[in-house]
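*Asks:* Let chain A serve as the given structure and place chain R on it in line with the hints.
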Amino acid sequence: SQELEQSPQSLIVQEGKNLTINCTSSKTLYGLYWYKQKYGEGLIFLMMLQKGGEEKSHEKITAKLDEKKQQSSLHITASQPSHAGIYLCGADMIGGSNYKLTFGKGTLLTVNP
Amino acid sequence: NAGVTQTPKFQVLKTGQSMTLQCAQDMNHEYMSWYRQDPGMGLRLIHYSVGAGITDQGEVPNGYNVSRSTTEDFPLRLLSAAPSQTSVYFCASKQFSGNTIYFGEGSWLTVV
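Chains as they are written, first to last, in the working numbering: chain A, 1 to 113; chain R, 114 to 225.
You can trust all of the hints, since none of them are fake.
Straight-line C-alpha distance at most 20 angstroms; calculated EDC-like pairs for lysine to aspartate or glutamate: (1) A/K56 - A/D66; (2) A/K36 - A/E5; (3) R/K122 - R/D139; (4) A/K105 - R/E172; (5) A/K100 - R/E172; (6) A/K68 - A/E5; (7) A/K38 - R/E218; (8) A/K27 - R/E172; (9) A/K100 - A/E5; (10) A/K27 - A/D66; (11) A/K100 - R/D151; (12) A/K100 - R/E143; (13) A/K27 - A/E67; (14) A/K17 - A/E59; (15) A/K105 - R/E218; (16) A/K105 - A/E5; (17) A/K68 - A/E55; (18) A/K38 - R/D151; (19) R/K122 - R/E185; (20) A/K100 - R/E185; (21) A/K36 - R/E218; (22) A/K105 - R/D151; (23) A/K51 - A/D66; (24) A/K51 - A/E67; (25) A/K38 - A/E59; (26) A/K105 - A/E3; (27) A/K100 - R/E218; (28) A/K36 - R/D151; (29) A/K64 - A/E54; (30) R/K122 - A/E41; (31) A/K68 - A/E54; (32) A/K27 - A/E3; (33) A/K60 - A/E15; (34) A/K100 - R/D169; (35) A/K100 - R/D186.
Hints in this document: simulated from the structure, not taken from any laboratory.
These numbers come from a predicted model, not from an experiment.
In isolation and in its complexed conformation, chain A is listed as follows:
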């Protein structure tokens, strides 16, 4: 079974709409990374969360790690076509390493103009 579940697998939204992507684990997340990937390109670092209840924002993207440190959400406000791509969550599920990540399968986001 997948240790890190991402939902939804794909998402189609109209430009200007808000959306949320979830990343859930049955184990404690010692570090949670969010990346964005355009098809055929590398991974672009978005944010990293470590503390329970932590929330970070960058432009119109906000990521949260719940108090139990087993779920993270990525929220995009007023989506734009430039937000389209694959969003990946990667987690340190060992603790202390923060460099050996387990990844979710990704969420494909399409933003229609």
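*Replies:* Relative to the frame of chain A, chain R by itself:
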């Protein structure tokens, strides 16, 4: 800034051939790692290194070798390529005290 550089970008191999995927970083990062990305599987860790001369296996190490003779370079070797190794390969690096893991742009490998 170069960051993490991977070569080649694209490669087609015949079954049984050998090749090396190159990875270099210019940020003096201690940690380096290799992942493969397959449809429906996400990224999976192949091998990693915590410093020059030190390497260890990740989740899917079979069929791959690595070495870390310098801080900057972390090549991934396929000794006898198999069709199951058709994938996109990503190299990543991280500073010991940092929180950001930097990824290269990927190497697309097809084994026929």
